[in-house]
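Produce the complete structure using the sequences and hints provided.
2 protein chains.
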Amino acid sequence: MKLAIDGMGGDNAPKAIVEGVLLALEDFPNIEIQLYGKQQELQPFLKEHARLEVIHCEEIVEPEDDPARAVRRKKDSSMTKILEAVTEGNADACLSAGNTGALMAGGLFKVGRIEGVARPALATTLPTIDGKGFLMLDLGANADAKPENLLQYAIMGYIYAKKVRGIDNPRVGLLNIGTEDKKGNDLTKQAFLLLKESNINFIGNVEARDLLDNVADVVVTDGFTGNMVLKSIEGTAGSMMSMLKEAFMASAKTKIGAVLMKNELKKLKGKLDYSEHGGAALFGLKAPVIKAHGSSNARAIYSAIRQASIMVEHNVTDIITQTIAENQEQ
Amino acid sequence: MKLAIDGMGGDNAPKAIVEGVLLALEDFPNIEIQLYGKQQELQPFLKEHARLEVIHCEEIVEPEDDPARAVRRKKDSSMTKILEAVTEGNADACLSAGNTGALMAGGLFKVGRIEGVARPALATTLPTIDGKGFLMLDLGANADAKPENLLQYAIMGYIYAKKVRGIDNPRVGLLNIGTEDKKGNDLTKQAFLLLKESNINFIGNVEARDLLDNVADVVVTDGFTGNMVLKSIEGTAGSMMSMLKEAFMASAKTKIGAVLMKNELKKLKGKLDYSEHGGAALFGLKAPVIKAHGSSNARAIYSAIRQASIMVEHNVTDIITQTIAENQEQ
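If you're matching them up, the sequences are chains V and G in order.
Counted from 1, the first sequence has number 19 at position 19 by full-length UniProt numbering; the numbering is strictly sequential.
Counted from 1, the second sequence has number 307 at position 307 by full-length UniProt numbering; the numbering is strictly sequential.
Treat the hints with care, since some could be wrong.
[As the list claims (entries may be wrong)] Which bits of chain G does chain V cover? Going by a derived footprint, with three or more residues having C-beta under 8 angstroms, they are:
1) 137–151
2) 210–218
3) 230–239
[Stated by the list, open to error] As a list, the in silico DSSO-like pairs of lysine-lysine whose alpha-carbon atoms are at most 30 angstroms apart:
4) Lys132(G) x Lys183(G)
5) Lys146(G) x Lys245(V)
6) Lys255(G) x Lys253(V)
7) Lys146(V) x Lys15(G)
8) Lys15(G) x Lys266(G)
9) Lys253(G) x Lys245(V)
10) Lys271(V) x Lys146(G)
11) Lys182(V) x Lys196(G)
[Stated by the list, open to error] Restraint-style ranges between C-beta atoms, simulated for each label pair:
12) Lys146(G) x Arg113(V): 27 to 35 angstroms
13) Gly166(G) x Ser251(V): 30 to 38 angstroms
14) Thr179(G) x Arg72(V): 24 to 32 angstroms
15) Leu46(G) x Lys245(V): 40 to 48 angstroms
Bear in mind the hints are in silico, worked out from the structure with no lab data behind them.
This structure is a prediction, so every number in the text was calculated from the model and none was measured.
Beta carbons are placed, not taken as given, at the ideal position from N, Cα and C, and that holds for glycine.
The following block contains the structure:
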């Protein structure tokens, strides 16, 4: 399979991207990579590889570029080029760690929606305490959602969890303010009824406080709430980590404590580390479009490439297309 | 002033309630307390006090009671009686650590809304890393909200932060998925415009990830989102605390680390402790109705009583009533 990768996106580009690409080429013999970016900037980190093709582009989509216009205006940017590669059938999936909004808008505009999918959704795998993780969507592709959108998110998430994450019959939960069936706002109350009638393994409402405790394999919500909850979790974890760091640096005594705790704290941090879980995927497009975290290191890029390759290998897009079509017919 | 207190609500009732009441009577010479509950259950913890009156009630609103009906049906319950006390003018404010939904529904039904307030809001002070804390509302009194509701929440929160928390010109932020002016869903986009035109000190959109960093003094959101974010913060903090505890218990070495860190960890835990911040208040009713946390200890009850007394002392309800009326006239 062929993957088109944006060499210029993300805080650590192009170094982390090139290194991640080289790691992936070593481990996954079935992938060929097209790496797009400024030749002279990629060069210092590159190694010759039979399955690596480097394609020069003059432009770069910057983090501050207007998401809605960036891909349209910067026609010779690495981000535009990877989207074109999948659109024109020259690649099976594409990946960038650059401007999220621009990639989403460009994905919609260039790659296009699967027929019958009203709204694409941004999905990612979040860590749980037991290390298993869960898929959450939508994380902000659409701020407003209708009940039918949430049903489609659920279907897409279910297929992904089954095919890419290898979970037999993924448990799908609806994020809500209580676990009782009739809880919620107008949106979740209506979505609950649609999900209950669907063929997927819907386990009912799940609460935000239980997310890290492996309460479901797929958690469905609207993009506004998803984004809020994701940022609340990240923000709280980050704040607590800095408070903890401060506590460890408080005195000579606590510094010794820190030394004794070092390995265990590293493990704890590892559990909350997103870099093993791949990137966020834009579900509902005609080809996999993967957004790696802006602060991705080589390891995170490697994981996102693995994620993209599994999506291609298991025909996730085709299965979503068929399932949505079948649901439309009913 | 007179405060009506539910002696039977909460996980640690009646012991924690009675102890909290006795502590408060000692420190605040201007309050008289009416304590409602089963005489024989309160008795073991009671002490005679000139400003304490105990009023026997036969019934108790239980956590599993239907919120909408509990107060109507259990006419001789301690919760019903404290609401009646403020309604009939026998008390200036009331407080319970019992069934939240029942207290909210009962508050609406018995005490009633301030004229012009379309929806009451549940508000509480959440901790920040710097120890200052911020007021957040609505935390779930109404799952759905309109832009005008958010404006009223903002006005009520502003007045509370100014009068009860003593902040000169409280910064009011709108919880949103980005800080830019035009970000958000339909609700926040419209609420943003209303808030911008208002007289309060509106500082724009604030993000969930920055909440613990003292980004605003008052954070306004709809009840669904507020509840989600509150539970995400609590859930993440709780999960991290248990992971940390596990890390400290991992080996003999880490246990020594734990001993060395003990004081600092206690401080850290104290920073995230809600018991110093009082309870949640139902804003927009004709008298202060305070909900103390279900797991309140005596200290938390004491703080909630102090909060209620400040609300009464500073005429918060009257000022909200006037301000809403003035806003209506415009």
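Each hint, compared with the structure:
{"no.": "1", "hint": "137–151", "verdict": "holds (count 3)"}
{"no.": "2", "hint": "210–218", "verdict": "holds (count 4)"}
{"no.": "3", "hint": "230–239", "verdict": "holds (count 9)"}
{"no.": "4", "hint": "Lys132(G) x Lys183(G)", "verdict": "holds (28 angstroms)"}
{"no.": "5", "hint": "Lys146(G) x Lys245(V)", "verdict": "violated (41 angstroms)"}
{"no.": "6", "hint": "Lys255(G) x Lys253(V)", "verdict": "holds (14 angstroms)"}
{"no.": "7", "hint": "Lys146(V) x Lys15(G)", "verdict": "violated (48 angstroms)"}
{"no.": "8", "hint": "Lys15(G) x Lys266(G)", "verdict": "holds (25 angstroms)"}
{"no.": "9", "hint": "Lys253(G) x Lys245(V)", "verdict": "holds (19 angstroms)"}
{"no.": "10", "hint": "Lys271(V) x Lys146(G)", "verdict": "violated (39 angstroms)"}
{"no.": "11", "hint": "Lys182(V) x Lys196(G)", "verdict": "violated (35 angstroms)"}
{"no.": "12", "hint": "Lys146(G) x Arg113(V): 27 to 35 angstroms", "verdict": "holds (31 angstroms)"}
{"no.": "13", "hint": "Gly166(G) x Ser251(V): 30 to 38 angstroms", "verdict": "holds (33 angstroms)"}
{"no.": "14", "hint": "Thr179(G) x Arg72(V): 24 to 32 angstroms", "verdict": "holds (25 angstroms)"}
{"no.": "15", "hint": "Leu46(G) x Lys245(V): 40 to 48 angstroms", "verdict": "holds (47 angstroms)"}
In summary, the structure is inconsistent with hints 5, 7, 10 and 11 from the numbered list given earlier, while agreeing with the others.
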